[in-house]
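Protein sequences, first through last, are from chains A and B.
Take the first sequence: its letters are residues 1 to 115, numbered as in this note's numbering.
Take the second sequence: its letters are residues 1001 to 1110, numbered as in this note's numbering.
Note that these hints are calculated values from the structure, not bench results.
Don't be surprised by glycine CBs; every beta carbon is placed ideally from N, CA and C.
A few of these clues could be false.
Quick look at which bits of chain B chain A covers, simulated, 3 or more residues with Cβ under 8 Å [stated by the list, open to error]:
hint, region
1, 1035-1047
2, 1057-1064
Capping the alpha-carbon separation at 27 Å, the derived lysine-lysine pairs in DSS-like fashion look like this [said to hold, decoys possible]:
hint, chain 1, residue 1, chain 2, residue 2
3, B, K1070, A, K44
4, B, K1067, A, K27
5, B, K1067, B, K1056
6, A, K44, A, K71
7, A, K44, A, K27
8, B, K1056, B, K1102
9, B, K1068, B, K1102
10, B, K1070, A, K62
11, A, K27, A, K62
12, A, K51, A, K62
13, A, K44, A, K62
14, B, K1102, B, K1070
15, B, K1036, B, K1067
16, B, K1102, B, K1036
17, A, K27, B, K1068
18, A, K51, A, K71
19, B, K1102, A, K44
20, A, K27, B, K1070
Ranges between beta-carbon positions, derived for each pair [claimed, not checked]:
hint, chain 1, residue 1, chain 2, residue 2, range
21, A, E68, B, G1015, 47 to 57 Å
22, A, R64, B, S1107, 31 to 41 Å
23, B, G1040, A, I54, 22 to 32 Å
24, A, V83, B, P1039, 42 to 52 Å
25, B, D1026, A, G97, 15 to 25 Å
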Amino acid sequence: NAGVMQNPRHLVRRRGQEARLRCSPMKGHSHVYWYRQLPEEGLKFMVYLQKENIIDESGMPKERFSAEFPKEGPSILRIQQVVRGDSAAYFCASSPGQSFNSPLHFGNGTRLTVT
Amino acid sequence: GEDVEQSLFLSVREGDSSVINCTYTDSSSTYLYWYKQEPGAGLQLLTYIFSNMDMKQDQRLTVLLNKKDKHLSLRIADTQTGDSAIYFCAESWEGTALIFGKGTTLSVSS
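I would like the entire structure built from these sequences, with the hints used as guidance.
Set out below in structure tokens:
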């Protein structure tokens, strides 16, 4: 049973470019969460999605960031016009149900570097 | 409020016990979790405890929950060098995603 798959593992973008991060949840999991980890910081919640729906995006910056989880295919976190402050590790997690009673399973993350 | 606090560093010798502490602020937390992160990797779920429990033991790991003081601890018995990692405490309650602390870096020396 494959775990949560994220790709790419490392992504380098120049300021102003777009970054697209992909996440395939574990088989049977329909809930996806995106977290951001800045150096020396814990994980900060960004967005929670179920298939085709955004449930909670209270942690997403209001501009340049968007997320989707289509009926078919992986969840995508999209960052437009990246800036240096976007450099971080972005982790995706999935669960079969809501996180408060279903432990999250994390992918290995995508490390974004903005030059 | 939502705030999970952990000490940043812990250093122990191989074979000793490690105790990593965490405090949280929301008394309505339903589940409390411990995750482990090794360098360059994602977070691995170690164990979790439901808020109506005081203690949970799983092999070398013991979780203690003091709900009155909102204090959670993770004890690792017979700590090994392979236990060196960052340990994150996290809380959740109905309708929210996990809230994480900043992590405790455990360093194990031989």
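Structure-based check of each hint:
| no. | hint | result |
| --- | --- | --- |
| 1 | 1035-1047 | holds (count 7) |
| 2 | 1057-1064 | violated (count 0) |
| 3 | K1070/B <-> K44/A | 21 Å, holds |
| 4 | K1067/B <-> K27/A | 35 Å, violated |
| 5 | K1067/B <-> K1056/B | 14 Å, holds |
| 6 | K44/A <-> K71/A | 26 Å, holds |
| 7 | K44/A <-> K27/A | 25 Å, holds |
| 8 | K1056/B <-> K1102/B | 23 Å, holds |
| 9 | K1068/B <-> K1102/B | 22 Å, holds |
| 10 | K1070/B <-> K62/A | 33 Å, violated |
| 11 | K27/A <-> K62/A | 31 Å, violated |
| 12 | K51/A <-> K62/A | 22 Å, holds |
| 13 | K44/A <-> K62/A | 15 Å, holds |
| 14 | K1102/B <-> K1070/B | 17 Å, holds |
| 15 | K1036/B <-> K1067/B | 23 Å, holds |
| 16 | K1102/B <-> K1036/B | 12 Å, holds |
| 17 | K27/A <-> K1068/B | 38 Å, violated |
| 18 | K51/A <-> K71/A | 6 Å, holds |
| 19 | K1102/B <-> K44/A | 9 Å, holds |
| 20 | K27/A <-> K1070/B | 35 Å, violated |
| 21 | E68/A <-> G1015/B: 47 to 57 Å | 49 Å, holds |
| 22 | R64/A <-> S1107/B: 31 to 41 Å | 37 Å, holds |
| 23 | G1040/B <-> I54/A: 22 to 32 Å | 30 Å, holds |
| 24 | V83/A <-> P1039/B: 42 to 52 Å | 26 Å, violated |
| 25 | D1026/B <-> G97/A: 15 to 25 Å | 20 Å, holds |
When held up to the earlier numbered hints, the structure conflicts with 2, 4, 10, 11, 17, 20 and 24 and fits the remainder.
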